[in-house]
Amino acid sequence: MTLRKTLSSAVRGFGISLLVVVAGFPVYWLFTTATHTTAELFGGQVQWLPDLRRFLTSFTSATSGVPMLRWLSNSAVVAFGTTFLSLIIAILAAYALSRYRFRGKGVFGFALFATQMLPEALLVVPLYSIFLTFGLLDNLTGLVLSDTAFAMPVAVWILKSAMDGVSLEIEESARVDGCPRYAMLTQIMLPLIAPSIAAAAVITFFEGWNEYLFANTFITDEQKWPASKGLASFIGEFVTPLNHVMAAALMFTLPAIVFFLFVQRRIVSGLTAGSVKG
Amino acid sequence: MPRIRFNGITKTYGDHEVIKTFSADVPDNEFLVLLGPSGCGKSTMLRMIAGLTDITAGELEFDGTVVNGTEPKERDIAFVFQSYALYPHLTVRANIAFPLLMSRFKPYHHLPVVNTLMRRRVLRDPDVDAQVRRVAAMMELTDYLDRRPRTLSGGQRQRVAVGRALIREPSMYLLDEPLSNLDAILRSQMRAEISDLHHRVGKSFVYVTHDQVEAMTMGTRIIVLNEGVIQQYGTPKEIYDSPANTFVARFIGSPPMNLIRCRLDGRSLRFPDGVTLKLPEGCASPSAPDRDVLLGVRAEKISVAPSDAVASDTMPAHIIVSEYLGAETVVAFKLGRRADQTEQDTVAKHDLQQARIPGELHLTPGADFTVRLDLTNVSFFDVDSGERLPVAVPEATR
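Residue numbers (the working numbering), protein chains in the order written: chain A, 1 to 278; chain B, 279 to 676.
Looking at chain B on its own, in the form it has when it is part of the complex (with noise of 0.2 Å):
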């Protein structure tokens, strides 16, 4: 249950570089999340942690001990690959008591022959034999143990691969995307299985994942990567209400965090289509007024109201598409009135909004509404580094 700390690590292969400086302290028993799109460097850097790829620059410490160059076996982990990984030609039974095999197996053990000999009676030891069953048992694999890897489905394999890494108790575990293989119910029940194994074992994870669910779900930290730069590092909350820059913002959350240029003027927000909104009493906001910013608001602030219910902050907006989920409603909109738009008029990415709205309210593609941000938590973005701006509550509320 070591205490992982990165120090300014970095990868490079030749001349291209895909770990960048990486620095990050994680307390004992966390169940850390490295999440980021394809190829950002997140399986790098848990092959780095497992010591399955060499740490080109800064050291990587487990309590304090720098572990750089170490063998895997030595660093006490666990490591579950997106592939499972099960060693095809062994039984469920042999493949999960592999790493006990390995720990009673002299040299002249591994001989040919010698190996399938001393493989059968280390499997019928009491004493290995009853932590297989209490593995399998736990992982619901009993009526498998004799069957070979081929001949079980998809979250079947995942649990033995589960199976392998419990059975010897390391003091971390590592996770390569283990569910991305599975179907959206078993990924859930899955989920909610890893979950649950972290508190019982109560040993430190470390997950890899591209799904911001998982992140969020499972994870009591999450890192956040981007072509090898570490976006943010923080809770599961930390990051959803305060995200770091707007790749965070973007990338987190689904539907993801809208952002609206608008300019900063005192206490109020102007928007190009000449509707200014007032910033609540108590509410943050940048500590250098009168500027251009991207406003980001989460898609849960944003209520809606008919056309015709014109108030001080409301905005007129038009609807693009309405996605009906049953709880909720996914309403993506454009602000303006459709009629102040002109037909040419293309439907960027980056100016079409996002609203979650109770299921209940029906909206028909092309008409027009009103939109109510709550701008009581809203994050406040550079317009050209698309950093977070630093916020302060001002003296009079405070």
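The shape of chain A in the complex, shown without the other chains (with noise of 0.2 Å):
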């Protein structure tokens, strides 16, 4: 019985590791590539063991003659303002698919999930054109928009399963205690569904802190690229310095990564609120 058990928990620890190994592996990449010069890289003298002295030189010379700092700062405004706009829509839609009986509430839902079955690419140039008449382009606003128009929708559905999910005799309670209509949202229903609004602030957030297509035709002034269009721009016509592309691609993917974490407790505290004493 123990030799079976002891195999067992190998078995599951060998592919839980195999998992983290898989999943790690690029972030691994990023860090040896980050840490080379472009001669070793493409001279075949690569250490496998990342150089972490190296790595200082590696971002200061990527960064240099770049506003790295700036074009992360738009990225920040774009997702920020993103997952903000999203939610706020994305709530009340939410609520009201959930608690609500109106005409035509099928067909708003139906329309919803078709936003999501259309291509970005077929919308750019319709979308450019409006954004021409209203001058939103060359503009950050103009790029949370266009997130928002994809990212929210998919809020919408999370948000709604999760409040569906809470009993209509919560809030009838709530209303016989006198809580007034339009507090229903932020006294009941929004404590309740923390853990899902989190999980859609992270895929709103990673809308639009990743997104190229829009950043790339919208955005032209080079201090308001976004930087998705910032990275992008370092392939150039002749040479691709990688090892430059690896430790900007490191500076752009830290900070969403420091937001889920910080998103990510908030999930988890969620899911488990109650269970302890206090």
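Stretch by stretch, here's where chain A covers chain B in the computed footprint (C-beta under 8 Å, at least three residues): (1) 343 to 357; (2) 370 to 382; (3) 385 to 391.
Every beta carbon over 12 Å from chain B, so not counted as near; a handful from chain A, in silico: (4) P26; (5) P50; (6) L56; (7) V154; (8) W157; (9) A249.
In short, the hints are calculated from the structure, not lab data.
Note that CB positions come from ideal geometry on N, CA and C, so glycine has one too.
Make one complex out of these two single chains by using the hints.
Pasting the structure below:
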């Protein structure tokens, strides 16, 4: 019996290690490539263990001459803007879809799905002409709007199904206890679906942070590029300094990972709320 | 503590009529129980009183004022849900204090973040704290004030739900099967606590249940509902002693009232197996004699005797099942001798009668014996409609 237990835990350990290796490999590759020079990379003199002392030089040479911090802050504006706007619209829409009966509810729900069926590339041209009319080209607000249009429907469906899971009786009870209709969301619903809000926040944040197609088309001013577009600019017509690309990519990845870790704690604490004393 | 008046209330969902023209007048401070089987419309009725469900037609009055269309919070009521509907994200303290919080919150206090800060501030208010502690002490929840509902047992959650209803001191308490999720021991304990609460707070209670024991023990007035139709409205004693129809007769009482078909001939009852019993002096009987009736006899009004003890007022019977319950034994029997039945006779439910006899009497299934019916206080029902037949005490014995 104990042998079987040891064996099964060994197999499980092996499986998990394999998954960690597969998931972690790109990150390792980023590190390793960033700590080499282009000559070493193409000359085949690759060290399997990244030389930590060479990080700083790699970073500084990668960011010299380009407004990397500016790009990252532009990305942050777009990502947080998308998250904020998407969540506000999605929470209200999800509540209406979950709790109210109105004409066209089914069509509305389907229309939200339909936005996910259209490829973004299809909408680039019409959006461009709309943005031109409203002066939203070369403008981060325009990018927030277009990213929200694609991120928000997903958030609506995540939040709607979370709200469907909240018993109607809790809201009725709040009504009897004197909670006004308009406060039902903030007093009852939002605290109860906090983990789902966190999940929706992660999805919408990454939609805004990673978005490249719209950024590439709508933003021409280098000072207004988000980092995704800036990163792509490293790829030159004749030379691509891979070590610089990877160093910049690391900088691009880190804030997103920090955001995820921050929100992830919220997801976990939301799921276990009330299960511990205090 | 309003007087509740139901004035021809109906409720329909689409074409489906859930409540059919419901009228009743309930005085102040009563413990009104809405009793009926699942799906009879009793919860809908309660939700209409609370203002959570719209009334299709008719008027609901509290102290003469029509309240149709007013918001639940304007009706000055407290509602205890079957699922308790506690706020899972709030501590027991905040759950109990929730109605107080809401009454103190200004519109902008409901904004996210602001609401959390305001909640903490109001909970620290000495006045609110004192009220929460008073209710918590009454409900024996003082040790659990900082816990969340998820960490509590069913009984504790139920007490939090009642505590939340108590703190506002409303004029009416509405309870929707609050004990149905509890185990038997806790249920009987909470039954007593809720009855005691009713005496202490002296307010109107409306209590929905499908459990006739809860209805009989707690209610001062009972409305029996079936398929959206009010069957009977009266005190527990009236409903137990004089059920309005065979539905109430069979629904109230455990075991239910025995219904025996017989022919009423003047002041004697003729049973299908030929036995004739005379109604005793002073016993009320339907004014229209010589007809088929359903005789309703409570199980405790039937006594048993050995099969050889034949007397003029006994009937032969044989035992089908004998259930020993300690203090008493419930005997299910069939009228007539066993020898007279053919083997193919199946025991249909409607001709199976039950008697409640002292526990020490031991009877073996299959045995013949005789039963004696106490006919001084029996009910008569119409064979077809099942309605109770009006009775009158004969002139000579009045």
